[in-house]
Structure formats: C-alpha cells, structure tokens
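Novice: All chains should be modelled from the sequences, with the hints used to inform the complete structure.
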Amino acid sequence: MRLSPSLASAAALLLVPAAQGELLLGYGAYNYDTPCVYACSNAVPMVLDCPEYAGMSEEDLAYASPSATCFGNDTAYLTSLAWCIHQHCDESVKLSVIDKFWEEDLFYGSTDPGVVIRYTYPEAISQIDTKNPPEPMGVDLVLNRTISITDDEYLGYINAIVSFSKVVKNEATFSLLVFLGGAVAPVGLSLLRLLPWPVTLRSKFYAYFIDPPVFGQRHSVPVLGMAMIPTRGQAIFIVYIIAINTVAAFVGYPLLTPNSWYPDATYELTRHIANRFGMLSFANIPLTILYGGRNNMLMWLTNWSHSTFLLLHRWIAFTCTMQACLHSAIWLQMVVVENAYATSVVEPYWYWGIVGTVALTLLIPLSMMPIRKYWYEIFLISHISLAVVVIVGSWYHIFYLYDGRDGYDLWLFVAMAIWSFDRLLRIVRVSQHGIKRAYITKVDDDYIRIDIPGVDCTGYCYSYYPTISWRMWENHPFSIVGVTPGQSAVPAESLISASNSTSISDAEVSSVAVDAAARKEAGIVSAKTAPTIATRNGKKAGITMFVRVHKGLTQILASKAGLEAGIPVLVESSYGHEGKTSLQGTESKFAPTPDYPNTLVIAGGVGVTAVIPALQSSLTLYEPLGSTKFYWGIRNRGLVDAVEGMLLGQGEGKKGNWGRIEPHITVGSRLNVREILEQELNKAGGAGTTVIVCGPLPMLDEVRYTVAALARHGAVVRLMEEAVVW
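Sequence positions in the sequence shown follow mature numbering (1 follows the signal peptide of the UniProt record, and there is no 0) and run -21 to -1, 1 to 705.
Mixed in with the good hints there might be a few duds.
Said to hold, decoys possible - Once the Cα atoms are required to be at most 25 Å apart in a straight line, the calculated SDA-like pairs of lysine to any residue come out as:
#  : residue 1 : residue 2
1  : Lys530    : Glu453
2  : Lys148    : Gln196
3  : Lys148    : Leu159
4  : Lys148    : Phe158
5  : Lys530    : Asn615
6  : Lys148    : Thr129
7  : Lys662    : Lys352
8  : Lys145    : Trp354
9  : Lys145    : Phe86
10 : Lys415    : Arg384
11 : Lys148    : Tyr381
12 : Lys415    : Lys519
13 : Lys530    : Lys519
14 : Lys519    : His412
15 : Lys145    : Asn123
16 : Lys662    : Tyr187
17 : Lys183    : Leu156
18 : Lys145    : Pro92
19 : Lys352    : Glu453
20 : Lys148    : Arg384
Stated by the list, open to error - Per label pair, the in silico range of CB-to-CB distance:
#  : residue 1 : residue 2 : range
21 : Leu234    : Thr99     : 45 to 53 Å
22 : Asp78     : Asp108    : 37 to 45 Å
23 : Asp91     : Leu40     : 48 to 56 Å
Hints in this document: simulated from the structure, not taken from any laboratory.
For every residue, glycine included, the Cβ atom is placed at its ideal position computed from N, Cα and C.
Specialist: Dropping the structure here:
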C-alpha cells in the first residue's frame, strides 16, 4: 500500500489542535487591550504602608514590594487608581471593560485564592470627593491618601503602553511573515512553472537563473569537503530567506517620547531588537524542522527535491542560530551594563535560555559535512539530542519568564507538531509493510544486491536492519530498481560466474537500437522473465536494490551475503518524486511530453538504480514521441550483468529486450559527458530533451554545468537530477 499525500495531509490536521491553545500578542492575545487603564495602573505609585513591613530594617524595606493582600486592602491605592482611570479614560472605554480589568488584572496576584479587593471600581470612585479633586503625590514617601496623576506623568506611561503594544504586535506579525514566507513561498514559486511559458524561454531561464551553481562548476561536490555551493535557484531563495529575516528584525519600532518605562530611546530600541531576534529565532525553529523532515509536506506540493530542502534546512538553521545568539548577546550586554548580571544569571529563565542557545550553537559544528560523512552516527545522535535540548531549553526559558503568557510558546507547539507528524508518518510507512526478510547477494567486490520479497514500493526507501548492529535505529536510503517476480533459489556464485563470462570487455561501448514487439515495449520489467538472483521464498514478488559497498552499514550487509534465511528488515517507503506533485496530478514526471519528447538518461555506477524508472516511463504501446537513449558508465561488468539479468531476463537475447531504448553501456572507462550531451542535443534539433542523471557527484556537476551551457546557446532541454545529496 502506498501512503497517499492526501491521507498524510489529513493526518497532519489532527496535530493542529496541539498548536491552537496559544495565541500571539496582537493576534487574539493582548497584554494591554485598554491602554489608558494599564497606563494608570503603571502610573500610580506602589509605595504602600503594608502591615507586613512592620519590623523590617531600612535595607529590607528598600527591596520589599507590597503583597497582593496589601494591594487589595489599601484604600489609598485603590481610590488613586480609580481616580486616574476616571480622569484619563474617555467615554469610549466601557464600564464593563474597566470592571473586568479591576477583577482580573488590577495587580499581580489579584486572582489568587484568599485575595480580596476591598472596593469595586464604582465603590472606589464613590470614596472620592469629586468636587475637590485629589492633588498629585508631591514629596510624600508613602502613598497614604488619594492622589491624582498629572497629564505629564500620564503621557509618559500611555506612550510606553501604546509603543510597547505596537512593537509586540509587529513582533508577532514579522514572526508570522518569516514562518509563512518560508512555508508558502516554495509552493507559489513552484506553481509558476505551470504557466504556459515557451519551452525555449523556459530553457534559457533555467540555464541562467535556476540550474547552474552560483559560481564555478561545482554544486554536488563540496568545496574543500565542507560545504555545497547552491544553485542559482537555491541561492535566490536563500537570499529571500535572509532578506525577510533581516527586514523582520529591524523594521517596525514606533517609539514614542516621553516614555516612563525606559531611560532613553536607545535603551528601549535595544531591548526591542533583542526580543525581536528571540521571537524570530522561535519562528524559524518549526521551519527548520519542516525543511529537514522526510515527510515534508512542501515536497508534496512543489517540484523541489529533498536535497534542495535539506540545503535550505541548513541555511534556515544557521539563521535561527544567529538570531538566538544575537538575542542572548544583546541581553547579556545590557545586564552587564546595568550591573545586574549576578542577579540575572541565577534566574531560571536566564540559565534555561543559555541551555537553549548553547545547544542550538553546538548543532552547527556537529552538523558539518565531514561529521555527516565520516561519523554519521555521531551526527545523528547529537542532532536529535541537541534539538530536543533546544526545544526544552526554549520552553522553560519562556515559561519562567512569561509564566505561560503572551503566546511565545506557540512556535514550540508548532515545532513539536511538525516533528511529531514526521515521526508518526515514518512509523506508518514502516508498519504498512511489517517485518520482512532481506536476501543479500554479492554482485562483485563493490556491489551487493538486496531482495526484499513481499514489498511493493517505488522511488527510494529507508531500510532498517535491527539484528545486524546494536544501532537498530540506523537506516539508509536506497533506490528501488523495481518490483521483481520471485522464483526458486539460484546460488550467489551463478551471478559472479555469469559476470566473469560476459561478452562485454573493458572499455567497450555497446550501442543497440531494436524495435521490439509491443509486449516487450510495454514494460521493461517482464513478468515472464526471471531475475538472476533468487528471492529465496518461492514465487513471492518483491523489491530489488543494488547498493555500493562502503564502510558502516553497507559493509555489514555485504558480510551477510549468501545467507539462505536472509535477515530481518523494516522498510520505510515510498519516497522520492515518482510522480508529479499533489498540485499537478499524478502523471510520471519522467514521461515524455510534446514539449520534451526526447529522453536522455545518464548514469554512473550504482546510480543506474535511480534512473531505471525514467526508462520505464519512456515505454509505450504506441509510437513514441521521441527517442530514449541510455548512457551508463561502470567500472566493472558485474553490476551490468546483475541489472540486465533482472530487467531483461536470462537466455533470450538481452540486447533485443531493450526495445526502443538505445543503450550505451561503457565498462572500465568514464563517460565523456560533454561529448554525449553535445552530440545528443544537436541531434534533437529544436525538439525538447529531458536529461536525467544519477551517479558520482563529479558526474552530476559536469552534467549540470554542461546542460546549462548548452541551453544558454539555444538547446531546448530540462535537467532532472535523481540524487539525494545531504
């Protein structure tokens, strides 16, 4: 059973309630929805004569603050606040709004059990002689009578409230812009390709602005083994991400003066920018997780590859980290200047913020390409562990700072929902197949063949082998050659001996073009032909994968070759762009079209396994739209025999079975990619050609660079790279 994107999207909706409990400030949540009331609450002095102050020393009194009980019982405080509201709030402020504030937000702890407010708002007003309005506080050290708040005093506080409200709403607005801009823009940009552009214009546009690297000729091959140069299309989106994050960080600070909250405008702006960086970092956390997931819904809605999203995942993660570091650094500088570091560093919100920032920062060096390539398990374990620490540290940071208010945890809810959705779908993809057995056969010293009976999937899959290592969670993506029919066992030696007796010699090029019968043309995997290697379970069909042996998991798998009982395996599938996206229908993306009737497939080594679906899609019972040519370069002939034996069968004229596909198989020497592309695209004339490539990274870059160069000079061509470069 294939997991439908529409079903997966429906499952995603089940996770939405997890993020609905919180609202962003300015969008459903409001700290100061009635500014004049809160301005008065801030303006009335809190120097009360509380009973709990009795017996305190002058030093203790300097740090003491009134309790909720003291606020609720203090007549001077209640009447002064009521008079300020009566004096400065106009008639548009309804009495019900004031009453709600009085009951719920009058002072901190006003709703705690046992706290009683002596007067309601109308009762407090009735205590005041309105014919003889109260005077300002003057030089009194304690609030022991009803006072009035002057217009100048009130202006400083109302400016602070209004300015702060606008800033925090902008903070929420720009965080939404960053998240939605990253989540929606790929879909919109992908839909542009559906417009009826002339194919010549489309080819040139891609050749100049999408396909080539930003500079040089490398994209897949990392520079100095450290980082990939993005394509121009990827770079445009990276610049867009950086631009919206930069604008979001430095725009939207309406400062008003005088402001009674801050000593000067510079200090106020610095605080707001520091907080904005923190909020934007939070908004980028779910976006980072979304782009890095296997079950990224954007891949179902766009034509963007998993490799592209992984590249963007790293750039967004870097942006998120820089924002968190700037947030922490600016606040550190402010508390040091204020001589408040010693008291701040012991606060839970402070050290949990440090935990989150440090964990986020450590993710950068531990995710460098050499770590991913040579110490993948260290990368994987540290990546997941530190990501969890980031979420936990961020959660407690805002919990202790805001006590669950203000909606900052919304972004963490969204991040956890996206992560849970991805993991849930992984479990669903694995469980739909259950536990199977994998039968491994040695092709030669470099390659192995893996047959998994009872599984039907396409594209590529992640396979788990829980019994061959203590790292039972370890899995790797392998391209699926196709679904092959099962038959009784054939010894592994038969494949090796067949490869040794093949008629293809080193550096030989085989070029065949045969018009086969329609029954053979209809499908490259013939139900009546048998695979070279047995599935060892009778007649049951299953999937086949060819794998290059490296160190690690593949080396362990190679050591299990020839086991008659096979080994247990869990298959997580299907992945890859086997068809068009959910917004573009289900027709195979490899199928020839009137705009691109010709198909040119180039493979290197085991990369042939990823391009076989392209060959399959080019076959038809009807007269083909154009030509289909297949170039495959391979170091030795063992894999050639294995693949041809599986696809074309044994003993009935393998070459003739290629049908209208024109194969060029080169053994023992490298393909001259530039010569092939120039020759085939010149033959095509003005007809469009789809170039599909998978192989070693240098080959991918050479094909990409050459295709773009030829397209700039008039060739009508589109490039499809079937490789996951992470």
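Novice: For a quick check of understanding: which of the numbered hints are violated here, in increasing order?
Specialist: Numbers 2, 6, 7, 8, 10, 13, 15, 17, 18, 21, 22 and 23 - these are the hints that the structure violates, sorted from lowest upward.
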